[in-house]
Every structure is written in structure tokens, then in C-alpha cells.
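**Student:** Residues per chain, in single letters:
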Amino acid sequence: MKTCKVFCALALGSAIMALGTGASYARDLTVVNFGGANGDAQNVAFIKPLEKKMGKNILVVAYNGEQAKVKAMVETHNVVWDAVEVETGELGRGCDEGLYEKLDWAHIGKKTDFIPEAVRQCGIGAFVWSTVLAYNGKSLKTAPHSWADFWNVKKFPGKRGMRKGARYNLEFALMADGVAPKDVYKVLSTPAGVDRAFKKLTELKPDIQWWEAGAQPPQMLAAGDVTMSTAYNGRISAANKDGQSLKIVWNQNIYDLDYWVIPAGSPNKALAEKFIKFATSPGPQAVYSQQIPYGPVNKHAIGKLDKKTLADLPNSPENGKNALLSSYEFWADHGEELEQRFTAWSTQ
Amino acid sequence: MTVTIPEHNTHAIKLAMRRAERKRKWRAFLLVAPLAVFLLIIFVIPIGALLERAVDNPEVIDNLPHTLVALKSWDGKTTPDPAAFAALDSDLKKVSGTSSAGTLARRLNYEIPGYRSLLFKTMRHLARPAPNDQADGNPPASGEAAIKDRFMQIDKRWAEPRFWHAIVKNDSAYSSYYLLASMDLKRNMNGDIVHVPAGASAFRDIYGRTFVISIVVTLLTLILAYPLAYWISRLPKRRANLVMICILIPFWTSILVRIAAWIVLLQRQGLINKALMDLGVTGSPLALLFNRTGVYIAMTHILLPFMLLPIYSVMQSVPNTYQRAAISLGSHPFSAFWRVYVPQTFPGIGAGTLLVFIIAVGYYITPALLGGASDQMISYYVAYFTNQTINWGMASALGFILLLGTLLLYSLYRRLSGRELGLG
Chain A
1 MKTCKVFCAL
11 ALGSAIMALG
21 TGASYARDLT
31 VVNFGGANGD
41 AQNVAFIKPL
51 EKKMGKNILV
61 VAYNGEQAKV
71 KAMVETHNVV
81 WDAVEVETGE
91 LGRGCDEGLY
101 EKLDWAHIGK
111 KTDFIPEAVR
121 QCGIGAFVWS
131 TVLAYNGKSL
141 KTAPHSWADF
151 WNVKKFPGKR
161 GMRKGARYNL
171 EFALMADGVA
181 PKDVYKVLST
191 PAGVDRAFKK
201 LTELKPDIQW
211 WEAGAQPPQM
221 LAAGDVTMST
231 AYNGRISAAN
241 KDGQSLKIVW
251 NQNIYDLDYW
261 VIPAGSPNKA
271 LAEKFIKFAT
281 SPGPQAVYSQ
291 QIPYGPVNKH
301 AIGKLDKKTL
311 ADLPNSPENG
321 KNALLSSYEF
331 WADHGEELEQ
341 RFTAWSTQ
Chain B
1001 MTVTIPEHNT
1011 HAIKLAMRRA
1021 ERKRKWRAFL
1031 LVAPLAVFLL
1041 IIFVIPIGAL
1051 LERAVDNPEV
1061 IDNLPHTLVA
1071 LKSWDGKTTP
1081 DPAAFAALDS
1091 DLKKVSGTSS
1101 AGTLARRLNY
1111 EIPGYRSLLF
1121 KTMRHLARPA
1131 PNDQADGNPP
1141 ASGEAAIKDR
1151 FMQIDKRWAE
1161 PRFWHAIVKN
1171 DSAYSSYYLL
1181 ASMDLKRNMN
1191 GDIVHVPAGA
1201 SAFRDIYGRT
1211 FVISIVVTLL
1221 TLILAYPLAY
1231 WISRLPKRRA
1241 NLVMICILIP
1251 FWTSILVRIA
1261 AWIVLLQRQG
1271 LINKALMDLG
1281 VTGSPLALLF
1291 NRTGVYIAMT
1301 HILLPFMLLP
1311 IYSVMQSVPN
1321 TYQRAAISLG
1331 SHPFSAFWRV
1341 YVPQTFPGIG
1351 AGTLLVFIIA
1361 VGYYITPALL
1371 GGASDQMISY
1381 YVAYFTNQTI
1391 NWGMASALGF
1401 ILLLGTLLLY
1411 SLYRRLSGRE
1421 LGLG
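These protein sequence lines map, in sequence, to chains A and B.
Residue numbers for the first sequence, in this note's numbering: 1 to 348.
Residue numbers for the second sequence, in this note's numbering: 1001 to 1424.
Don't read these hints as lab results, they were simulated from the structure.
Misleading hints may appear alongside valid ones.
These stretches of chain A come out as covered by chain B in the derived footprint (C-beta under 8 Å, 3 or more residues) [stated by the list, open to error]:
id, region
1, 66 to 76
2, 91 to 97
3, 209 to 216
4, 223 to 230
5, 328 to 338
Sample of chain B residues facing chain A (criterion: CB under 7 Å; computed from the structure) [as the list claims (entries may be wrong)]:
id, residue
6, Thr-1103
7, Gly-1114
8, Gly-1199
9, Ser-1201
10, Asp-1205
11, Leu-1369
12, Gly-1372
13, Ala-1373
14, Asn-1387
We put the beta carbon where it would ideally sit given N, CA and C, even for glycine.
Bound-form chain A, shown alone:
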């Protein structure tokens, strides 16, 4: 058992070393994000301006959010990533397990400048995104307003797109069943609440078309496969830029943040802090939200945005009115159990 651990560590270590030969000393600051349209927006708002300001190159790497790589780097003490964008679940778990540096706020900024959800022990919010109810404006005559409408297949006939998994769908089901956003996690924390959510999902089950990747809902809506779908707000806006006429219902949306973290033992920690400080300052945050409709985490950036941009952001005062913040704590405790129950439920 010990021998394997040593052996595997050696094998992994040498593999990583081979990949990043000589990169560990005096290498450029390496920023890791999710790529795609989001990566492009970050390039314009954060990377290029900071490169100009510092006079140094920044290496940008795209990944899929899998923390297995970060874990391997930290465990073999060969960290080649410096500032990494992670999702809420990964942030909490990785922080508990020592994958990330604890942030030194003196080097980042004043905690009160940020929306409260953005301030965490190991991470600071990068932007706010949201899972919303989306529909095709061309195919629906009357506009839906809530998850109760989403469940109402009599009034709004047609298939419904939902992400294949328990996360968010249970929350949506409870809201459709009349639970107020602020009480959702209270109800869901009880076994009876979970049963209630699954029962509500079962009602809609024959009409659900499951999706897997974020690119699918706009495509399914545009192709007429579904009349309404849960979707990531950024994807809907991107589809509309390409000429679609998809609409978003902001009422009862579930919003969440992506965070910046520094992998534990990064040799470029100071530079990474500089990058994070820059990327969360009001100016670049406002530029970013103009590029892609994800909301700023810096309170002062919201004031810099015009009405038109604000209309598409998850945390603008108007859109955030009746929204629910996804609970990391709840999903860390119950995620695996509920995902497995979801799998069993979907087979029945």
C-alpha cells in the first residue's frame, strides 16, 4: 500500500514534470479558466489589460473544472497553475482538504467592497452566473412567469428541458410546489422535503427532456425540441447574439458564483494575488460584464454599468429580486446521496 503511494506519486510527479519541464521556476503567471466565450471575455477584461500594465506575459489555460489535476499538482509539490477559476462545490471541498491557499485579504482588497457571497476563506468571487427558466419567444404565445408555469403542461404544452442531475432541479421542483426561495433549503434539509421535491419532479417526468452540456438548451429551444428549459443565462444571451429570440424568466432563478483560488504551494503566489486583485476591481469587472452577461462581484462595478447591460445580469437589482443563492453547504452534505437517488429515480 505504501509502496504504491510512493510509486504512484513518483509516476504522476514525473509525468507532470515532463509536461511542464523547467516551467516551475521563473515561469509566467498561469491563469486557468473555463475557456469558451467566458475565456474570451476574461481575455479582454482581465488578461490583456494586466499584461499591458505589468509588462509581463500571462499564460492562459482552459480546463473543465476537474480538480483531479490540481490535487495531483499539490500532492506532488509541482504546482504549475497560479490563479484558477473554480465552482462553488470545488471551492468548499478543496479548501477543506487543503488544495488551495488561504487568501490574504490585505493583498486582495477590502472585504466590504464585495457582495457577501464573494468573500470566502480560500477564494474570492470571479463573477455571478445563474440557472434560469428560458423559453423560445417565437413558439410561446403567453409568457411563463415562474416554475409553477414550467410545471403546467396544460397551459404551456410541450417538452421541458432540464439538466440531467439532482442539483437545482430539486430546488426548482420545490419552488414550483409553492415553496418561497428563502425556504427552499430549509424544506430540502428534511427527508419529507426531499420526497416532496422528487414527487413534484415525477409529475413532470414524462415531459422532461434531459440535457447534459450547457450548449444544449439554447439549441433544443431553437430547434423546437422543447418549449421551455432550464439554462445558464450566459448561454441564452450568446444564442440571442447569434440571432435567436430566446427569453429569460428571472423570477426564482438560482444564482451561483465562480471563484478565483490559488493552488497551495504556487511559486507565483504574489503575482496570482496581483491578478486576482485586478480581476475583482471595479473597472475590469465592469468591462467583463459588458463582454458576457455574468454579474460583477465588486459592488462598485454595478454602478458603472448601463441599464441595457444590467437587464441581462443575474445580480442586477431587478433580476436578483426573487432569486435563490445555491447552497454549497447543502450540496456538500447531500450531493452524492441525492445524485444517486436521482439516478435511481430516473430509471424507474
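Add chain B to chain A, keeping to what the hints say.
**Tutor:** Below, chain B alone, put in the same frame as chain A:
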């Protein structure tokens, strides 16, 4: 005339022969050494590590040693003695704030959902001075009873035996937890193996589904590939090459591109549905996507070359004179084909079937993108546990059972066909 070889000479010859023999052995060994090392590194060690991960259980014994000792004398039915609380207190204080806290909390959360936050809440509170003592200015109360009271103040759940039972259960460095969970089983409070509550997990169904999809896809590819291979093997060389290229170009195309192409073809307003409706075959669009049909169509298409190539290579080496001989001796053409030709292609069929089946068993991206929620195969969950939840114990256990099932089917195949695996 006889030649006598002096005694010392035979000895020298023997020695020389032995030396030559040894040299040859070394050379042979050196020739296979790269392969042996390669196999060791990419096959034996990873599979060994996988098996080890599936039973490895270090979190509790490494981090709660005192608690485990203190719980040795516990009856398992009531709240443990204050001594156990004191031991847990000292263990948690050591773990608190380190990365072990996360792994310990995660491991215990597998036993009882919610344990994770209970543990973190407790550690957070323990790090601060006790609230009561501050209020009246007395020195902090000590003693095991006070520690127990403190735990109770932090969370009432510490009075429940099941939370302590989750610790006692893991007093060994190896555990069958992950393997049992992959078969929808668990150990109850008495240590007996029981089913998880109905509807809590469905790995057995998923294994069944994985094997059913793989078998159906294997049969479909066989039905399509055999006549195709037969036809190509009868074509003149140049035309056969042309057809082969048509088969190989999609084979070399990225799998994601092919899946995306199938989405375009199969969707409700897609080419196939439009064509069928225009031809009047069906009135409303057929559901070809996000269900089992879509998975079968795309997987059969993707795996067809793996069936076709071995069968084709065997067919090329079968002389058609045998079939002609059978016909000239009075056999019906079909009977000549079935009884004389087909048996000669069995090695190709065997190789193709095994190849397709084994590749199909590990499929995950095709069902993920083209299937519905009840068409996901087991690899989907292996990937989920590896990447999403980083529960590598569970991922290894699921992979291990898949490996076991595949080996069982392979041995069944060997017994039925009486042959070893050969590629054509």
C-alpha cells in the same frame, strides 16, 4: 574409427554451451523487457492501484486513533461514555485546520449525509473557548463530563449512537464499503450486509443496462458488418479499397464530431425526421434522440469498423474454392455458405465481437450526449465520481466490478467457443 574427446574438453564445451544459452536467454529477456516494463507501468500498476483504492480506508484510523480506542468498550446502543467525547475532542483538535479534516469529514459523510457539516461545525466551536466559562469568569471547566456537555451544546446529534457507529465501523485500514455500495449494498449497525433502501441507488440496474446496451450494439454491428465484409471481400481490389476508405474516413473522424452529426440528423426537426415526414412514412416526428434508440444508432455506427476489420481480414484469407467444391458436390448454395464458409470466419467474428463488446462496455460520452437519463452507462458514474465529487474509492470500486463482470463474460466466451482471443 572413433573420436574420443578428452574429459576436460567435454567440460569446456558444456561450459561454452551454457554460456551461449545464458546469453540467448538474456537477449530474449532484453527483447521483451521494454514490453514488460510498458505493461507493468500502464497495466499492472494502475489496475493494482485501482483495486487498492476500492478498499483503501485510511481516513478514520489515521485521524481518530484515540476515539477508536475509547470506543472499544462501547456497547453500541447508547450515547458513549464521556471518555469517548474527550478522546474525540483531542483527536479533532489535532485534525482541525489541516487538510486531513476535509478528507475525514468527507469519509464520514458517506456513512451519514450531513456528518460533514456536523464535524466542521464541531471543530469550529471547539477552536473557540467555551461560552459558559467566559460568562461567569471562572476558569474553563475541565474533565471528561464537561467535554461531553460541550459537545451536546454544540450539536444534539452527538447523543445519537449512529454518529459514533459510523466511526467504529471504520476501525480498519481496509473496508468493503465502496464495493458494497457499487452493488447497492451496505452494512447495517450489526455488521450484516443488507440492501440500501429502495430508490436510494441503482448501480445494479446500471450494470445490467451497461451489459444490455453493449450486447445489443455488438449484435447490431455483427449483423451489419458481416454481409458488408463479405461483399467487400468479393469485390475487385480497387473497388474494395474505395469502399474501405469510405468506412475508414468516419473511423478517423473525432468521436465528438460524429456525435454532433448524429444530433443534427436525429433531432425532431432533423434530416431523418423531415425526410420521413415528407415521404409520408410518419405523421409526426419520431423520438430518435435522447433515448435508447439514439444511443444504439450512434454506438453501432461508431463501433462498426471494429467489427468489420477483423471479419474482413479473416474473410480475405478464406479461399472461395471450398464453397465452390461444396456446391459442385451437390450442396445448396446457402448451405455451402452456412456450413462451409461461415465456420471458417469464426475467428474474425470472435475477435470482432469481443473487441466491440469490450469497447462498448466502457462507453460514456455517446450515451451522455445522445441518451436520456435512463440510458447512462456505468462509465458515466465512474467519471462522475472521479471528476465531480473526487470520490476515487467509489470510482475504483465501480470500475473494479465492471472489470470483474467483463472478465466473467470473457471466460464464458472462452468456454463456449473453446478458443483464445485472437485478432483475426
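**Student:** Under the constraints set out in the numbered hints, which ones does this structure not fulfil?
**Tutor:** No hint contradicted; all consistent.
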